[in-house]
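Chain order of the listed sequences is F and G.
Taking full-length UniProt numbering as reference, the numbering of the first sequence is continuous, increasing by one, and the terminal residue is 251.
Taking full-length UniProt numbering as reference, the numbering of the second sequence is continuous, increasing by one, and the terminal residue is 426.
Because the hints were derived from the structure by calculation, they are not lab data.
A quick note: this is a predicted structure, and the numbers were derived from the prediction, not measured.
Misleading hints may appear alongside valid ones.
[Claimed, not checked] Looking from chain G toward chain F, a few residues come up when the C-beta cut is under 8 Å (computed): (1) Gly369; (2) Ala370; (3) Ile371; (4) Asp374; (5) Phe377; (6) Tyr378; (7) Val384; (8) Pro385.
Glycine is no exception: its CB is placed at the ideal position from the N, C-alpha and C atoms.
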Amino acid sequence: MLEIKNLHVKLEDEDKQILKGVDLKVEAGKVHAIMGPNGSGKSTLSYVLSGRDGYEVTEGTASLGGEELLDLEAEERAALGLFLAFQYPVEIPGVGNMTFLRTAVNAQRKARGEEELSAGEFLKVVREKAKTLKIDADMLKRPVNVGFSGGEKKRNEILQMAMLEPKMCILDETDSGLDVDAMKLVSEGVNALRDAGRGFLVITHYQRLLDHIKPDVVHIMANGRIVKTGGPELALEVENNGYADILAEIA
Amino acid sequence: MALPELKQTATEARLAALSLPQGGCLDAGRAAAVARVQTLGLPDRRDEYWKYTRPDTLVTADAPTAEVFESTEAPVFDAMDRVKIVFVDGVFDSAASDDLSLEGVTIDRLSDLADTDIHWAKDLYGVLEARGQTPVARPLAALNTAYATDGVVIHVTGKPSKPISLIYKHADTASDAILHHVIRVESGAEATILENGPAASRFNKVTEIDIADGGTLHHIRAQGRDHARRAATHMFTRLGSGSVYKSFTLTVNGVLTRNEQVIELTGDDAVAHVAGACVGDGDFHHDDTVFITHDAVNCESRQVFKKVLRNGATGVFQGKILVKEGAQKTDGYQISQSLLLDEDSQFLAKPELEIYADDVACSHGSTSGAIDDDALFYLRSRGVPHGVATDLLTLAFLAEAVEEIEHEDIAAELVDRLEGWLARRR
């Protein structure tokens, strides 16, 4: 599904190398988790994959379903099936949440040569999916993320994911700012989307999210590289001992 | 005090090219206005009030030529049930206009007053304009009062069932139109005035509005898409107790536009809202100049102006709130913002507050910025193409001004027009 080879990335504006050779392969139907200390390059990886400006790829490749990603615009990557759930979802005053969702869904369908959803069809689907995420009519009407609580913003991210039905989902610290109940709700939303045809890359600092979204593979990232890969037990090891042991081991 | 020589010469040259309409009950008002123009002199680039907008082409003897814009779209407000009053290059078109009788309102043509000895409008004609000459001179408005060739006088006595729609068509590439309207809204009466169209190559328009206690006037205007047209408009509004005035202007294109709103809140509890949205591309200069005087207790005024500028377009905002002594509990709000879609465009803003009462709430804000990169990336990461995402964010920026329009269908129609304008430039 997602294949990253020897990815080197620096900041565009300064001479600072962030990713120093990342190799990663996420198969369809699998959930991979990336853990790592602050500043290890986890969020940069998610931004580079989704096409945010400000980064320069100096070496390496990334592909989704065999299609080269890095030369594409952000919207083309999205239409190919890539989705990033933001750590800090952006507030957009003046753009209604519903308008935003419908514009996004139909833009992707159009880009893929599919027929656009009518207002009626769209409304039916969005209401149904919003209900399972406990997103009420008012949240759908309000401007995108404006005045939403931390939990509401993350639920709104998952709603977008459910509506867009991407092939590859990247969750960037989706657990940050969530209380226990909200984390459970968000995780249920994610788990409902787990599917043989869909891959997940879950970026997190903490093991607790992985209690809810059970990973198949866990990677430890440090200093711009994946330094260790294992099963779910690796996350528990980090939880109990911190990163120091692992980093010492590979040093 | 004698005028500076250059100003004197320019003013004389302009007046020499005009002929003073004669006869009827407006003669005295016109004569007084001629004297005002001669005393004030027409604006030139050395005038402080014209620091950001060059008045040269608004005062020349002949109007600069302007191509007529051919649109395939129906004019704005076309589908609405309304009483249409059509002017072509400033000349009344009776064939295209509707019958002017409508319950709750009396509409006459200004030029018909030439045959009348007495008419209610005589006591208002030029009066609010003259009041509006202090503390800041507005000579183009005085020139208008003196030389206006036509216009309408509207007396609102009830609640007419449909809007009164002034339609200004542009047909001749060298037309120079001067129209003057007078509107009197009686106590408890309520009406909606619509205006649309470019009017002429050069358009000088004055509207004097007197709203009695408890009266309400809604005004919505769309200024037409002709690229080379020029316009200097003034709206002088006086509000009585508990009266309401709400005005919105959409400006799309136009090489030069100066819209002045001069508002006087003279009765307690009156409400005045003025708003505007403009979008300009390239050779476009748009100036909103607003002067609101609070001279009564517990009045509310609100100014919301948004401008989207690209390819070297210029936006100007001069907005003043004057709170006179004794005008306690004044609630004054002013916001002017521009969205610059590139680095060549510019926005010049001069917000002013002058307050002589101690128990008031007045706020003003002015910003100038680009499209928010984070919001743009967020939309694109969801699959919304760059151009569509930019348009969505641009419309979102304009929304605060458009939302000032109470009539939802009209607001939706104007948003559609803005969307079309943006999409054509994608």
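Was the hint right that Phe377/G lines chain F, CB cutoff 8 Å? Since the shortest Cβ distance to chain F is 5 Å, the answer is holds.
Closer than 8 Å between Cβ atoms is the bar; does Asp374/G clear it against chain F? Give me holds or violated. holds, 5 Å
Let's test the interface hint: is any C-beta of chain F closer than 8 Å to that of Ala370/G? With Cβ-Cβ at 13 Å, over 8 Å, it is violated.
Would you check whether Val384/G satisfies its interface hint, that is, whether its CB is within less than 8 Å of any CB in chain F? holds, 5 Å
Holds or violated: Pro385/G as interface residue toward chain F, Cβ cutoff 8 Å? Status holds, d = 5 Å.
Minimum beta-carbon distance criterion (8 Å), Ile371/G to chain F: Hint on Ile371/G: violated, closest Cβ of chain F at ~11 Å, above 8 Å.
Gly369/G as chain F interface residue, shortest Cβ-Cβ below 8 Å: violated, 13 Å
Go through the hint on Tyr378/G and say holds or violated, using the shortest Cβ distance to chain F against 8 Å. holds, 4 Å
Going through the hint list in order, the structure does not satisfy hints 1, 2 and 3.
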